[in-house]
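There are 2 protein chains.
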Amino acid sequence: MSTVGYLGPKGTFTNVAVDAIFDSVDTKGYRTIPECLDAVNNDEVALAVVPMENAIEGTVHLTVDYLIHQVDVPIIAEVVIPIEQHLLVHPGFTGDLKDIETIHSHTQAIAQCHQFIHKEMNNAEIEYTSSTGEAASIVQQKKGSHAAIGNILSAEEYGLKVLRTSIHDYENNHTRFAVLQKNQKPVQMKELTANTYKTTIMVTLPSDYSGALHQVLSAFAWRKMNLSKIESRPMKTGLGNYFFIIDVNQPYDAVLFPAVQAELAALGCQIKVLGTYPCFHVEAPSLSTEKTAE
Amino acid sequence: MSTVGYLGPKGTFTNVAVDAIFDSVDTKGYRTIPECLDAVNNDEVALAVVPMENAIEGTVHLTVDYLIHQVDVPIIAEVVIPIEQHLLVHPGFTGDLKDIETIHSHTQAIAQCHQFIHKEMNNAEIEYTSSTGEAASIVQQKKGSHAAIGNILSAEEYGLKVLRTSIHDYENNHTRFAVLQKNQKPVQMKELTANTYKTTIMVTLPSDYSGALHQVLSAFAWRKMNLSKIESRPMKTGLGNYFFIIDVNQPYDAVLFPAVQAELAALGCQIKVLGTYPCFHVEAPSLSTEKTAE
Chain A
1 MSTVGYLGPK GTFTNVAVDA IFDSVDTKGY RTIPECLDAV NNDEVALAVV PMENAIEGTV
61 HLTVDYLIHQ VDVPIIAEVV IPIEQHLLVH PGFTGDLKDI ETIHSHTQAI AQCHQFIHKE
121 MNNAEIEYTS STGEAASIVQ QKKGSHAAIG NILSAEEYGL KVLRTSIHDY ENNHTRFAVL
181 QKNQKPVQMK ELTANTYKTT IMVTLPSDYS GALHQVLSAF AWRKMNLSKI ESRPMKTGLG
241 NYFFIIDVNQ PYDAVLFPAV QAELAALGCQ IKVLGTYPCF HVEAPSLSTE KTAE
Chain B
1 MSTVGYLGPK GTFTNVAVDA IFDSVDTKGY RTIPECLDAV NNDEVALAVV PMENAIEGTV
61 HLTVDYLIHQ VDVPIIAEVV IPIEQHLLVH PGFTGDLKDI ETIHSHTQAI AQCHQFIHKE
121 MNNAEIEYTS STGEAASIVQ QKKGSHAAIG NILSAEEYGL KVLRTSIHDY ENNHTRFAVL
181 QKNQKPVQMK ELTANTYKTT IMVTLPSDYS GALHQVLSAF AWRKMNLSKI ESRPMKTGLG
241 NYFFIIDVNQ PYDAVLFPAV QAELAALGCQ IKVLGTYPCF HVEAPSLSTE KTAE
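Chains as they are written, first to last, in UniProt numbering: chain A, 1 to 294; chain B, 1 to 294.
Okay, chain A solo, but in the shape it has when bound (with noise of 0.2 angstroms):
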């Protein structure tokens, strides 16, 4: 059995992620992305799941600088999952909205939720903590007029309830996780359906001068290769020395992509296939009955 390392603890969304793709799989959290991606990297874990956009527990930067400069594994697929928060309580509360004091988050799950706090519960005292893990915990110690905000999988570690579901301020609210695997061995996976394929490359610029970028999007616009993604990220070395992240919506292949990379060399260009994968679109996991009713 393959352990799957993730940017844990337990109940985070890529907590969320592993569960929507592996069965009854062996998992390790790791604290921070770095710490994640070495145990892959030293091949304490088989396989690795971190955020790589839009996350709630860690920058996308620290994710992508880190594979680019830290660590050689190869994305091996992506996971998309909706970010919903809630408003978690201890079991024993029968109170509504007015009556929660304090309210107990991670601040960028406060930030996410900004417009329901300000409208429903302005009067509430807010506390910051670590993790909505974290949060969830304090809630199950400190009972009375305390709320959590986090995820199903957090209220169902520490054995709270939902008071009230989804108040995030935005209803397409997305975190893409990136699945990681030094070795190529079969991976045992649900049987999930890849809502598409994509290829991920970076590519270094020569250097810094006008229409470059529009040069090497030319290499794949003229042979209709689709693009859902580019982002430009300053290289470590110091500001003014860029490389792109290119999302190419179509799978590697022996013709398009080799054609491609080989304009792109002769424009002076570094190129590094980050990996070639298909990515599934999973929905967030649901309520189970049991744990919102008193």
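Check before you lean on any hint, since a few could be wrong.
In this list, chains with the same sequence are indistinguishable; a pair is considered to hold if it fits within one copy or across any two.
What the hints assert, rightly or not - Taking lysine-lysine pairs in the DSS-like style, the calculated list, with each CA pair at most 30 angstroms apart, reads:
| no. | residue 1 | residue 2 |
| --- | --- | --- |
| 1 | Lys-161 | Lys-190 |
| 2 | Lys-119 | Lys-161 |
| 3 | Lys-119 | Lys-272 |
| 4 | Lys-119 | Lys-28 |
| 5 | Lys-182 | Lys-119 |
| 6 | Lys-98 | Lys-28 |
| 7 | Lys-142 | Lys-229 |
| 8 | Lys-10 | Lys-142 |
| 9 | Lys-190 | Lys-10 |
| 10 | Lys-229 | Lys-272 |
| 11 | Lys-272 | Lys-224 |
| 12 | Lys-143 | Lys-182 |
| 13 | Lys-190 | Lys-143 |
| 14 | Lys-98 | Lys-182 |
| 15 | Lys-28 | Lys-224 |
For the record, the hints were derived by calculation from the structure and aren't laboratory data. Quick caveat: nothing in here was measured; it's all calculated off a predicted structure.
Chain A is already provided as a structure; the job is to place chain B on it using the hints.
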């Protein structure tokens, strides 16, 4: 005197940015990016300073998304400061690295110092806090074998001394902060020389088709307008719809920009100018000797 709202509490990197460009100004710290942006939008404060890129205190995405979807406040300046993390201890502490049993800090700060901790302090316990300021406050109270990771401001705020300077893994780690102002009144800033001028625009593509971005960039490329950053972001209306944030390396003018806008409008794109502004690259605050000496 105008009040400057910023992503607080005191001692954050955003606070460092405020000190770098404003002289003896009234400030007010907010605990989340939306709160801070609402404050400037509702005229509670005259100006706001929030992280835009690579920040430890909040995701960039949150700032950009809020500026686009929730408030209409232009960027009037950008401040770039190096991220420097130091190991802070109680002034009464007389040991060395090996005597530190517990390190306190924000997850992102711990992650940024991952290599240092791994090599130099591998036996220390890690305790995660909601901010680097909270970590410093804990070390102030606990004394003994506790250390915090944070910047110089948080050391000064809590009277800690610096045991090791610059323990972050990457030397060239910078954070970009945006200064926002709703009413375009003259602002009293320190006398700094702008390193460059930028214009940030948001472009929404009419639909997802191959080469669309390439066409958009053509409008800039053939005018030799240099882009310093480009990033695609999903619209909140669902996956698959994208907008682009583009930083052009020159101030808005009466000829080139209107021509680009007309050309993009003809392609069916929507354009929004988020600001045209000077960029200031400033030094991280230096150590005052009386704080570092025992």
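Each hint tested on the structure:
no. : hint                : result
1   : Lys-161 <-> Lys-190 : within (28 angstroms within a copy, 52 angstroms between copies)
2   : Lys-119 <-> Lys-161 : within (22 angstroms within a copy, 42 angstroms between copies)
3   : Lys-119 <-> Lys-272 : between (47 angstroms within a copy, 29 angstroms between copies)
4   : Lys-119 <-> Lys-28  : between (39 angstroms within a copy, 22 angstroms between copies)
5   : Lys-182 <-> Lys-119 : between (47 angstroms within a copy, 23 angstroms between copies)
6   : Lys-98 <-> Lys-28   : between (39 angstroms within a copy, 28 angstroms between copies)
7   : Lys-142 <-> Lys-229 : neither (44 angstroms within a copy, 47 angstroms between copies)
8   : Lys-10 <-> Lys-142  : both (20 angstroms within a copy, 28 angstroms between copies)
9   : Lys-190 <-> Lys-10  : within (20 angstroms within a copy, 47 angstroms between copies)
10  : Lys-229 <-> Lys-272 : both (16 angstroms within a copy, 20 angstroms between copies)
11  : Lys-272 <-> Lys-224 : both (21 angstroms within a copy, 28 angstroms between copies)
12  : Lys-143 <-> Lys-182 : neither (44 angstroms within a copy, 43 angstroms between copies)
13  : Lys-190 <-> Lys-143 : neither (37 angstroms within a copy, 50 angstroms between copies)
14  : Lys-98 <-> Lys-182  : neither (51 angstroms within a copy, 34 angstroms between copies)
15  : Lys-28 <-> Lys-224  : neither (41 angstroms within a copy, 51 angstroms between copies)
Of the numbered hints stated above, those contradicted by the structure are hints 7, 12, 13, 14 and 15, listed in ascending order.
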